[in-house]
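Trainee: Following the hints, position chain W against chain F.
The lines below spell out each chain.
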Amino acid sequence: MKKTMLFAVLCAFMAGSVSMCGKSKKELHIYNWADYMNPKVIEKFEKENGCTVVMNYFDSNEALYAKLKAGAQGYDILFPSSYMSKIMYEQKMLSEIDRSKLKNLKNVDTGFISRGLDPYMKYSVPYMVTYCGIAYNKKKVKNFRPSWSMYERTDLKGRMTLLNDVREVIGAALKFNGFKYNTTDDMELQKAGETVIKWKKNIAKFDVDEAKRGLSSGEFYLIQAYNGDALQIMDENEDIGFALPLEGTSISQDDFVIPVNARNPELAYRFIDFMLEPVNSKDNMDFVYYLSPNKEAQKLMDSGFMTNPAINPPKDVLLKCDFLIDLGENNTKYSDLWDKIKSAK
Amino acid sequence: MPGIKNKRNEMLLTIPSAGWLILFFIIPTVLVVAMAFRNADPYGGIGNSWTLDTFRDLGNPDYPSIIWRTFWLSLVSTAVCIVTAIPAGYYISRLSRRYQNIILLLVIVPFWINFLIRIFAWKVFLHPEGLFKQLLVMLHLSSPESLLLYRTEAVLIVIIYSYLPFALLPIYAAAEKFDHHLLEAAYDLGASRLQAFMRVFIPGIRQGLLTAVIVVFIPALGSYIIPDIVGGPSAEMIGNKIAQRTFVDRNLPHASALSALLILAVLLPAAIGMTRRFFKEKNSASLGI
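Chains F and W, in that order, are what the protein sequence lines are.
First residue of the first sequence? That's 1 in our numbering, and the numbers climb one at a time after it.
First residue of the second sequence? That's 1 in our numbering, and the numbers climb one at a time after it.
One chain only, chain F, in its complex shape (with noise of 0.2 Å):
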């Protein structure tokens, strides 16, 4: 399960920088994601590189985003997701990418990434692309739509959860009322808090991680979720099912990126472009099950998991799909109405 993934990971850290032990290596500083890298493949870049490559976690990017904001320093790359990436660039936090270090940009599916906030990455370099959905487990859930109408499910009730995140939830509302996902108009918002509120009386709790392991142990029937974390839980629970809602949800990519104040930013961008390489992209992709927009590295992967639609999706489920872009002085719209949503009877 998720945990002892987390503890193997952690093990894996642990035994890596006991043998360097006393050599005084060179050090690479992570934020990233819990679970958003096979281990191997960083294991495989510390000995080619004979670095030590330390990871670690946020759980959200404003969280990421207040801590760098707040002077956090010592980190040479973070993933943050490319409406924050954006911001981080504005507010003049990460450094442009040099592209005469990174040989293997050329793999970057440029296709896909011109839809993109970044589309000739200025400032960040593709990771994954994730897609926001509803994971459910089939044995409890009988009928099964995929939309975002079964947050009105009764039957249901107090089995249910939505992400605590304020753009995914009332996006997945406004998606519902046929709207935009970025929307600043002030009759949809309000549309979509209505729904929000409707739903909020359906569901046990707004999560992120604890939803994940709730859906595992039978705690939760039917969650709001990203695609690769619904799949890491299939791969070990085969009651478990993932589908992205037919009004559409968001897409969001998360990025390499590097803060100005990286101290290591030679070695940060080898990783980089160690983690472009196909063969290594492959790996990471069949660790965390999202797809990354690497042409060279999907021509690997089996022909299975490039026609998930859970990991790939059909065009016309995509065509319904925003990016996620900050706000910037429209953000207040969505805070207000998430407080209005949360305080709600």
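Because the hints were derived from the structure by calculation, they are not lab data.
Do not rely on the hints blindly, as some may be mistaken.
[Said to hold, decoys possible] Label-pair distances were calculated between CB atoms; the ranges are: (1) F:95 / W:50: 32 to 42 Å; (2) F:154 / W:141: 19 to 29 Å; (3) W:47 / F:95: 19 to 29 Å; (4) W:79 / F:40: 49 to 59 Å; (5) W:47 / F:96: 25 to 35 Å; (6) W:138 / F:236: 24 to 34 Å; (7) W:30 / F:96: 38 to 48 Å; (8) W:117 / F:142: 30 to 40 Å; (9) F:236 / W:132: 21 to 31 Å; (10) F:34 / W:47: 33 to 43 Å.
Every residue, glycine too, gets a C-beta built ideally from N, C-alpha and C.
Mentor: Frame of chain F; chain W shown alone:
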């Protein structure tokens, strides 16, 4: 004069603790309050100008319900902790030394386990497919569909569980010092057991009670992790709102204003209590008592 020398020694002795308090309590508190008067930029920075807007925003119609929930949860949990800790403290203090030590050890041992892990243990305990729930269903005390977790009651129970030892220890310490012959004297003078307990024992451990109230009520007021983990979609407390303002909304001034509100809620009763005591002592001194 020896008085002045004593004064000076007293001052020297208080410097370390006073310095500590100034450095780690007063300065940060002042900074937090000051930040609440700054304007916020939408990217999580703190502006350069001063403003009262943030405090005006505290009039947000969504706040009263959260503030009310925070207060009643803290008050009820404090009351339950005190009411259960008084008889427990009394009985422990009446035991022989050896048993006292064993029981105190049993109270303290759970603290060797991390706070977070203890809260997660409650999630396992109250799990809808768990043993406890099955037992309740078997005894017809609960229906199979009802949920024990993710409700305000769960938050209340876990707060009480977490802070009960903090109430018990000061009350036990006061009860241990209490001269139990006073109770016998009260009986001799015709008091019933209850009267003696209420009118002699309780006032006798007043200081311990006050400490217990403070060490339970204040942390309960600032709860964040407990409602986050065992609370449902409608169990938010002020602590969760402060976290949301800091991380999600990127609005540090607003988070500071909420924190200032909490600090005020804690300091105000303490300040009133202290001034009252100050005047009482002054009065009794001038009366020559």
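Trainee: Confirm or reject each hint.
Mentor: These are the hints, each one checked on the structure:
1. Distance hint check: the CB atoms of residue 95 of chain F and residue 50 of chain W are about 35 Å apart, consistent with the given range 32 to 42 Å.
2. The hint said 19 to 29 Å for the Cβ distance between residue 154 of chain F and residue 141 of chain W, and at roughly 24 Å that hint holds.
3. Checked against the hint of 19 to 29 Å, the pair residue 47 of chain W and residue 95 of chain F passes, with Cβ atoms roughly 26 Å apart.
4. Distance hint check for residue 79 of chain W and residue 40 of chain F: the Cβ-Cβ separation is about 55 Å, which falls inside the suggested range of 49 to 59 Å.
5. For the hinted restraint 25 to 35 Å between residue 47 of chain W and residue 96 of chain F, the CB-CB distance of approximately 28 Å keeps it satisfied.
6. Between residue 138 of chain W and residue 236 of chain F the Cβ separation comes to about 30 Å, which falls inside the hinted range of 24 to 34 Å.
7. Checking the proposed 38 to 48 Å range against residue 30 of chain W and residue 96 of chain F shows it holds: the Cβ atoms sit about 40 Å from each other.
8. Our hint of 30 to 40 Å for residue 117 of chain W and residue 142 of chain F holds, since their Cβ atoms are close to 36 Å apart.
9. Range check, residue 236 of chain F to residue 132 of chain W: about 26 Å between beta-carbon atoms, so the 21 to 31 Å window is met.
10. At roughly 34 Å, the beta carbons of residue 34 of chain F and residue 47 of chain W sit within the given window of 33 to 43 Å.
This entry satisfies every hint, going by the numbered hints stated previously.
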